[in-house]
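Based on the hints, put chains B, C and D with the ligands in the right spot on chain A.
4 protein chains.
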Amino acid sequence: MSKEFFAGIEPVRYEGPDSTNPLGFRFYDKDRMVAGRRMEDHLRFAIAYWHSFTWPGTDPFGGETLLRPWMQGDDAMAMARQKADVAFRMFELLDAPFFAFHDRDVAPEGRNLSESIDNLNAIADIFEAKMETAKVRLLWGTANMFGHRRFMSGAATNPDPEVFTYACGQVKAAMDVTHRLNGQNYVCWGGREGYETLLNTNVKQELDQLGRFLSMLVDYKHKIGFKGPILIEPKPKEPTKHQYDFDVATVYGFLERYDLLKDVKLNIEQNHAILAGHSFDHEVRLAYAMSVFGSIDINRGDDLLGWDTDQFGMNVQEITLLMHEILKHGGFETGGLNFDAKIRRQSIDPQDLLIAHVASMDACARGLLAAEKMLDEKALEGPIVDRYAGWNTSEAKAILAGERSLEQVAGAALSLDPQPRSGRQEYLEGVLNRYT
Amino acid sequence: MSKEFFAGIEPVRYEGPDSTNPLGFRFYDKDRMVAGRRMEDHLRFAIAYWHSFTWPGTDPFGGETLLRPWMQGDDAMAMARQKADVAFRMFELLDAPFFAFHDRDVAPEGRNLSESIDNLNAIADIFEAKMETAKVRLLWGTANMFGHRRFMSGAATNPDPEVFTYACGQVKAAMDVTHRLNGQNYVCWGGREGYETLLNTNVKQELDQLGRFLSMLVDYKHKIGFKGPILIEPKPKEPTKHQYDFDVATVYGFLERYDLLKDVKLNIEQNHAILAGHSFDHEVRLAYAMSVFGSIDINRGDDLLGWDTDQFGMNVQEITLLMHEILKHGGFETGGLNFDAKIRRQSIDPQDLLIAHVASMDACARGLLAAEKMLDEKALEGPIVDRYAGWNTSEAKAILAGERSLEQVAGAALSLDPQPRSGRQEYLEGVLNRYT
Amino acid sequence: MSKEFFAGIEPVRYEGPDSTNPLGFRFYDKDRMVAGRRMEDHLRFAIAYWHSFTWPGTDPFGGETLLRPWMQGDDAMAMARQKADVAFRMFELLDAPFFAFHDRDVAPEGRNLSESIDNLNAIADIFEAKMETAKVRLLWGTANMFGHRRFMSGAATNPDPEVFTYACGQVKAAMDVTHRLNGQNYVCWGGREGYETLLNTNVKQELDQLGRFLSMLVDYKHKIGFKGPILIEPKPKEPTKHQYDFDVATVYGFLERYDLLKDVKLNIEQNHAILAGHSFDHEVRLAYAMSVFGSIDINRGDDLLGWDTDQFGMNVQEITLLMHEILKHGGFETGGLNFDAKIRRQSIDPQDLLIAHVASMDACARGLLAAEKMLDEKALEGPIVDRYAGWNTSEAKAILAGERSLEQVAGAALSLDPQPRSGRQEYLEGVLNRYT
Amino acid sequence: MSKEFFAGIEPVRYEGPDSTNPLGFRFYDKDRMVAGRRMEDHLRFAIAYWHSFTWPGTDPFGGETLLRPWMQGDDAMAMARQKADVAFRMFELLDAPFFAFHDRDVAPEGRNLSESIDNLNAIADIFEAKMETAKVRLLWGTANMFGHRRFMSGAATNPDPEVFTYACGQVKAAMDVTHRLNGQNYVCWGGREGYETLLNTNVKQELDQLGRFLSMLVDYKHKIGFKGPILIEPKPKEPTKHQYDFDVATVYGFLERYDLLKDVKLNIEQNHAILAGHSFDHEVRLAYAMSVFGSIDINRGDDLLGWDTDQFGMNVQEITLLMHEILKHGGFETGGLNFDAKIRRQSIDPQDLLIAHVASMDACARGLLAAEKMLDEKALEGPIVDRYAGWNTSEAKAILAGERSLEQVAGAALSLDPQPRSGRQEYLEGVLNRYT
Ligand SMILES: [Co+2]
Ligand SMILES: [Co+2]
Ligand SMILES: [Co+2]
Ligand SMILES: [Co+2]
Ligand SMILES: [Co+2]
Ligand SMILES: [Co+2]
Ligand SMILES: [Co+2]
Ligand SMILES: [Co+2]
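Chains as they are written, first to last, in UniProt numbering: chain A, 1 to 436; chain B, 1 to 436; chain C, 1 to 436; chain D, 1 to 436.
Calculated from the structure, these hints are not laboratory results. There could be a bad hint or two in this list.
The list cannot tell twin chains apart, which means a pair is met if one copy fits it or any two copies do.
Think about it this way: if two alpha-carbon atoms lie no more than 30 Å apart in a straight line, the pair counts; the simulated BS3-like pairs of lysine-lysine are [as the list claims (entries may be wrong)]:
no. : residue 1 : residue 2
1   : Lys-223   : Lys-328
2   : Lys-397   : Lys-30
3   : Lys-262   : Lys-328
4   : Lys-328   : Lys-204
Just so you know, these numbers come straight off a predicted model, no measurement behind them.
Excised from the complex, chain A in its bound form:
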């Protein structure tokens, strides 16, 4: 079956910049050395199980378009196994180093929690077996605690402690499986951890519940010896009107408040960034500035739409700035570039799924190469260092170190008439254009 789905399609290879083959890489050349690492070790791509293998092509106004063979049968576990075969075939075709999944992506909900966990473990057995010979590794696992109606008013933040309890049961199983499959991170995206209306919501209570839930998960992770970080994925809204994990700054404050900074980091998505009113680069910078950077969901939103379109990231310049930031900090540690991206529901041919990944992997590779060059030539870093050079005097350092009082500094101000200096924005935009 899995072979049939991608029938006639050969593994995707590096073919060089002149290739016009949509199933060949033009820039992604995995063994090429970039800033001291193989390109594959920098980009650490992960295929997302949900968008690529679980989403049927629906939207709020229309039904299934993709008609995947593994969604047409009645035996849910048989379908799940067929899906796994196709998924691993795709990992192979794309030579993908990682994948990622929600518990409910890979195995169906059972009649009760125990059966759901059994289903999950049964598919995990299959994964484990496949991973013995396949190259692909698990970037992260996560639990879908937003799809089922029991979670309609939240999982950890539900007004009903029974749902909170249920969520604990589900997240434990998902963490166990992630640990068993050597997942490098564990992700929490709080799809329903927010509110639909403040009229029925106790915000403080819900935040406390969420803090407690995360703390319990952190304790458990340590107990079982799971080494990777827990990653929170900020998103401002959708499906709920307002999500508590609004953006990087909000989650940072939350982690401070509930004393979770040591164990929890962030998984940042481009589409969520712009829905929150921020550039992707902003969110990543802020995460690094606050030492909470973890991983990336590489996709893109539509600047003119107000919902999460999760399109494949193709914007080379934006990705260049992303990779510039990541390279500047030494590259990924446990994180990677997870394709939280779905083909458009009109892209119904099997090869569309591959073409989308190839085109985006190439865009990322171009971004990486451009970022390397910019860093080598200090194209952006040089002007920034110059711009802040005044802060290198011993007096300026003393101020910043807290060794001067307001009165002392205010006194010095009386003899000053500081002159502004050009911000040189257009110059820098031109420089960036030289590299992309």
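Same frame as chain A, but now just chains B, C and D with the ligands:
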């Protein structure tokens, strides 16, 4: 002069709900008791010097429309004194309990910092004298460190430490004046504390500078014995592309990070809330939930426009929810309702300025009265208490108190099949409509 | 079955403003005379079959929450009949004067177009029989040509003429049924009549196809003697990235271009208005100004969300302005207030469905009463007439009538120095607040 | 003076792709042949007088930053002459083929309309003299009827016919000057032709006034023999809450309604497009589809900000799609690429002004070259032609030509089961990335 500007206009009085006089109050009845306080003591209105007396009616595409007499002369200090006369006459006409100002609103920039400070102090002398007999008090003072070109790249967050130094000089003087005039709070709005482009910006450095600046100001406040809190006013953008004090959650994280939570609280504005993608109610709730609520800039933005229109707040239902939140927490402490609102630039008649305040004061009074009734009848609080009642069991409390591990709770989950309960949003919206 | 679903619920009656019964009307008093008509004849409410009886409570991130009995069986036609019973029971409980439906709401898609049409006709037979004794009438019918995957790239605007052809077959059947049931209008909402990306789209071709499709429908309507107008419902985006029927102004231009102004009018929805960047009032005014006003989808969007939430309209002030506009033009002709509004997916109790309608009907009734009073007292119309009074001179009329050349008028300009007059916005906002 | 302002700066020359000189062109090679024309004849760049020479660097929260020498004096006409010298020096340095201006950019408002016109004519004399030897030509002229307070409530759409009359006087003079200087177009941007609140606005009246005004201008243009088109520049909002010329589709409908399609075309700006919720490409395509394309204001907005930032266009991919569209239609006729773009207010050095233009001209040149290649290789056009190929059958053509009735086509539908075909969006995005 001041009498002439409002020539023929009588002090505004409470006239009752049937009045059709735009210069009479229909609901704002200052001595009426509401939830144990006089209405005036709840609403604590402040007239904002900048919008009402300093803004000439310009916008980015057009010049002065208002042609205020005190903006037409060449002698800046004489104009400032004339302006003060008009302002105090308006406080009297509106029977306003408070006012608020930036240093540069009340007195002109001098040839150097010393002269600017002298100008400020000279006007403060006049204020002090007037306040001996006038009823009006100072809700807060602040420093305008965004208008002059020296601040074009930030004040505290400027790449040039000379500008930081200058800002220290200016803020100290503004704090001194606020203290002298018995201001109840001191406000910081960081108009240029952000960036125009990340291409030339060191985010971490700038955040550290801002943290240092605030810390110095907090120390100074304690030193001089200023009792009120320092208030940060979040705003996500405008004039800069991105402001560091984006919203309540962001500022909370910042205060945590730089250890400022004890001394700094928030001044929340409706228009800034919606520009950040939040409802006004959300921002206020979050501030209370995190114990950083301070004061309100009462105005409204246009839901369909992407800039800060600072219109007078007229939306009774939104204000009802605001006052409901504030009353629920016992009412204002040092804060109040500051009219950070400007008449439209087409509202060129002197009475437009008064009519706008009167209409908005009435809208606030209606909101207060509705909120009182809703609280008395537990119209919203009752259903919320019921909705979270499950968390009152001892087991649920133990979970929330951190006395249960994930495994313990996960074990309990296996026998559960939690059933969702209606969120009753439309019912609650109908209830709210009953009160407004 | 239908009785069981609303078991124990009595028909909703007018109970007066003091009622606190969420299933009693506080303002909607159908026989009360307003501006010369019964309230029911003004408000002309229609219950929407899709949101109320066909939507299972899904959203893009979650499954069914409502678990309606008529969605749980395997026999699609039996389920459709059960649904019809519940629907007519609800019409009765709410005493609703109208309803509205898509073909696929009321009857299931068959194995081919003929069977789909047979299914539709079979349910229409049931409707016809029920309508003989029920009060409810059909406000409009429409065809769902966006849900099935064959329409994923458009119906009339599909690149494939076979899909266009199929759409003709479907729309003819829907028009026939609407005509048979004495529908007062026929509506077209082009859910997929737009594009997902310009990269694969021939805009001009698609517009021509859409123009042709509408023209054919207009001809057919005349041929069968359908008296009501065809109504286009503008929406700027969602599900597609861009819909051709973006807003009122866009559709007006389209109707001009394809010579459809005589037969086609507009069905205006609040949520679509704000998604297009307009106020509801703006869209309605523009439609009247251009003589294309037809009917209303009464609902509301969330000002902070970028998708179509279709919430129940509860905003009395906004509805007041709507009704003011409609009353000013003599009230509805064939149109009405269609509840294109869905309960939140958390509102899972049967009575939530009723409560939502009752609360919104009351909000509309309040708006109608306020509008009547404002019109009687010329509260808004008076100041507008005054403001434009200058255009009543014979010279101004001559200019507007095209009887003066630019040179003539320019000559007169040389001696002028026009003085601006206050726009009095805050005064008018205060006036509006007096009525709501 | 003018030499001093750009002291030491040499004319900008083409230096090739490897140049790192911000004052050298890397791609803009004016004599290079592209699709049968010299590059300069394709790109037809115009320098905008207002942003480059008239804007002092203010924003709504801050004052002048740029401190241009020609804005510091008291003699307004002397300053205007100095400004003209600097402007023409810049045209020369950049080798710009065109410029554009508002009447009030080039000459100061006088004490009355006659004096204002005299001032304008006096500067036009200087322009005329300079243009005898300079290369630069006038792309278009326009009248600023939004800055002065007399226009605060609109020019043509003012409630006061005196203001309408005044606007006629002003626009006639601006048209006369544009004609005298051989302007290739005349532009109308209705900065105040909209409303601030519907509460005080008669929409239909104002639209009729605007239609009349344009008609008078069209008649006058013919009378004086002005050959170029009148161009309306759509903008959805700002400075007013809502502008009547919202977007391309709205203006199209307006031109149809007031019978202006023959003489009026559109000047499309990127920033205005996105403020209206459209992509730049969308607006341009729609204008071509409706035969109203005229010219371009080349700039860019910030996708995350809600106001008109008018930044220099640097987005090569977006410009590629723009040039692809324009080349596809044979290139500009009377239009061009007008730099309605301003340097950031922090870019205070004289060379920033030049660097910004150079970088954007290069971005446009790259876009043009990429577009040429894509058209040559039918990279996008080929797949589109294939996608719509079904419409080439004689039956499909007959349907589109109006030769088939709904019943005829509906009959054919009964035997059809149309199968969807992939939209191939990701493939096409990958193709686009190959060219940019
Ligand atoms: Co994601
Ligand atoms: Co997403
Ligand atoms: Co404020
Ligand atoms: Co504001
Ligand atoms: Co609708
Ligand atoms: Co809708
Ligand atoms: Co612009
Ligand atoms: Co422009």
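Hint by hint, here is what the structure shows:
1. Lys-223 with Lys-328: neither (34 Å within a copy, 42 Å between copies)
2. Lys-397 with Lys-30: The answer is neither: 44 Å in one copy and 50 Å across copies each exceed 30 Å.
3. Lys-262 with Lys-328: within (22 Å within a copy, 35 Å between copies)
4. Lys-328 with Lys-204: So Lys-328 and Lys-204 pass the 30 Å test across copies only (14 Å; inside, 38 Å).
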